[in-house]
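Asks: For reference, the chains in residue letters:
Protein chains: 2
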Amino acid sequence: MKKEELIRQIEGGLIVSCQSFEGEPIHGEGIMLKMAESAKWAGAVGLRANEPKNVKEMKEATGLPVIGIWKQEFEGSDVYITPTMNEVDALMEAGSDIIAIDCTNRLAPTGEKAYDLVRKIKAKYPDALIMADCSTYEEGANAIKLGADFIGTTLCGYTDYSDQYDGPSFPMIERLCRDFPGKVIAEGKINTTDEARRCIELGALCVVVGGAITRPHLTAQRFVEALQRK
Amino acid sequence: MKKEELIRQIEGGLIVSCQSFEGEPIHGEGIMLKMAESAKWAGAVGLRANEPKNVKEMKEATGLPVIGIWKQEFEGSDVYITPTMNEVDALMEAGSDIIAIDCTNRLAPTGEKAYDLVRKIKAKYPDALIMADCSTYEEGANAIKLGADFIGTTLCGYTDYSDQYDGPSFPMIERLCRDFPGKVIAEGKINTTDEARRCIELGALCVVVGGAITRPHLTAQRFVEALQRK
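Chains as they are written, first to last, in my numbering: chain W, 1 to 230; chain S, 1001 to 1230.
FYI, nobody ran anything at the bench for these hints, they're computed from the structure. Every residue gets a Cβ at the ideal spot worked out from N, C-alpha and C, and that includes glycine. Please note that a few of the clues may not be correct.
Cβ-to-Cβ under 8 Å is the rule here; a few derived chain W residues that face chain S [what the hints assert, rightly or not]: (1) K34; (2) M35; (3) S38; (4) T193; (5) I200; (6) I213; (7) P216; (8) T219; (9) V224.
Pairwise CB distance ranges (calculated) [to be verified]: (10) W/P181 with S/D1166: 25 to 35 Å; (11) S/K1053 with W/E201: 40 to 50 Å; (12) S/E1075 with W/E93: 53 to 63 Å; (13) W/Y165 with S/Y1161: 38 to 48 Å; (14) W/E60 with S/F1074: 34 to 44 Å; (15) W/Y165 with S/G1012: 24 to 34 Å; (16) S/K1053 with W/E112: 51 to 61 Å; (17) W/E11 with S/K1113: 52 to 62 Å; (18) W/G95 with S/K1071: 32 to 42 Å; (19) W/E93 with S/Q1164: 45 to 55 Å; (20) W/G12 with S/K1120: 50 to 60 Å; (21) W/E93 with S/G1030: 23 to 33 Å; (22) S/K1053 with W/R229: 33 to 43 Å; (23) W/G30 with S/E1060: 21 to 31 Å.
Please build the complete structure, drawing on both the sequences and the hints.
Replies: What follows is the structure, encoded as structure tokens:
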């Protein structure tokens, strides 16, 4: 799929992140594949999936474009979203339409800056589309300078130097959208339809919602906490 | 479990309704059982389940009290939530802690008023706890007069003579809570944590949330619609 065509397809729409992990009550037995099918049923314009095999399965099952990531933890590095070229290679092989990587100012397991991976991917896969998961405005601006196609606000609140909000990082989204129109994918802590809507109003290209749709145990927990609040 | 003990256990808490139906992308393969486990993980105080076998399985898997219903459609009647004594018998047999039935002013498949089932259940199972799913204040008051233990606001908006709201029926919940304290279980169209919280503030004994937690395709659809709104 050409870049322009993909952008037309996802513009203004909902991308559903379908991820679950060992130890979660919803993990295993193809449940995330059902979540991907639910997203398609609902009219989502794309998916975000973790691990090459899930990227492949979800693409085949739904026909939707998939943002591929591969979360891998390495000792000595806080960077875990697609941290090295090995993960990128496998995600490309699996057919990811967009590759999302950690593009923060932190050190990757390779000892280089996480954002250094952008230029390496563009050198190896000139046609690859890169979503740069960032935690601050500055990281987003840097990602675009390096050649990333999209900025994801995914990591705001998840680095120790970024702003902490209970909900989405609207100030970061707003400023990035103003300076990099058409390149900002809002992601991170978007739990309500009003929050998602606000991201589009601020100028986001599209919105990624994960847990609020695909992790019912966390949604139930938010309800439990709301009822317990004094 | 004695009535007082059950009430203590569910008071102020979240009950998660775990139901799916043929044709839904999330149906089958034990997914609703995973939803029940997710509810328990999150600290829910109970479950609401459709069909005797699901009541039994979810009770065994979670140890949580279960409100049992059995949706059955019969030609010529609009009443489908546990419409006859046959469904009640099977739900009792399955170990339902509370039996929920349609307690509206409509005609059951038997040709009698739906609410007539309350007295019959109490005659056959004197210790059974009955949640009367109602669509109006008057139906709720009538249910209590007939001996129902709890009023559910489940059916408000689902009979052709009841109020239609986009969200929960707060006026009905408020009035019932004032006149029947400790007996109102808020249910129906509760999609946000604020709405759930408001039900408790109005005096509801507890709150049932279903789709917003256990039907991800409907949640995704609400997000898609919010983004498409002009």
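Asks: Take the hints in turn and mark each one as holding or not.
Replies: Results of checking the hints against the structure:
1. K34: Holds - the Cβ of W/K34 comes within 8 Å of chain S, reaching about 5 Å at its closest.
2. M35: holds (6 Å)
3. S38: Status holds, d = 4 Å.
4. T193: Result: holds, 4 Å to nearest chain S Cβ.
5. I200: With a minimum Cβ separation of about 6 Å from chain S (threshold 8 Å), the hint on W/I200 holds.
6. I213: Because about 5 Å separates W/I213 from the closest Cβ in chain S, which is inside the 8 Å limit, the hint holds.
7. P216: With Cβ-Cβ at 5 Å, under 8 Å, it holds.
8. T219: holds (5 Å)
9. V224: This interface hint holds because 4 Å falls under the 8 Å limit.
10. W/P181 with S/D1166: 25 to 35 Å: holds (33 Å)
11. S/K1053 with W/E201: 40 to 50 Å: holds (46 Å)
12. S/E1075 with W/E93: 53 to 63 Å: holds (55 Å)
13. W/Y165 with S/Y1161: 38 to 48 Å: Distance hint for W/Y165, S/Y1161 holds at roughly 45 Å.
14. W/E60 with S/F1074: 34 to 44 Å: Holds, since W/E60 and S/F1074 (Cβ atoms, about 41 Å apart) stay within the stated range.
15. W/Y165 with S/G1012: 24 to 34 Å: holds (28 Å)
16. S/K1053 with W/E112: 51 to 61 Å: holds (56 Å)
17. W/E11 with S/K1113: 52 to 62 Å: holds (54 Å)
18. W/G95 with S/K1071: 32 to 42 Å: Holds, since W/G95 and S/K1071 (Cβ atoms, about 41 Å apart) stay within the stated range.
19. W/E93 with S/Q1164: 45 to 55 Å: holds (52 Å)
20. W/G12 with S/K1120: 50 to 60 Å: Holds - the Cβ-Cβ distance for W/G12 and S/K1120, about 54 Å, lies within 50 to 60 Å.
21. W/E93 with S/G1030: 23 to 33 Å: holds (32 Å)
22. S/K1053 with W/R229: 33 to 43 Å: Holds - the Cβ-Cβ distance for S/K1053 and W/R229, about 36 Å, lies within 33 to 43 Å.
23. W/G30 with S/E1060: 21 to 31 Å: Since the Cβ atoms of W/G30 and S/E1060 sit about 23 Å apart, the hinted range of 21 to 31 Å holds.
In terms of the numbered hints stated before, the structure departs from none.
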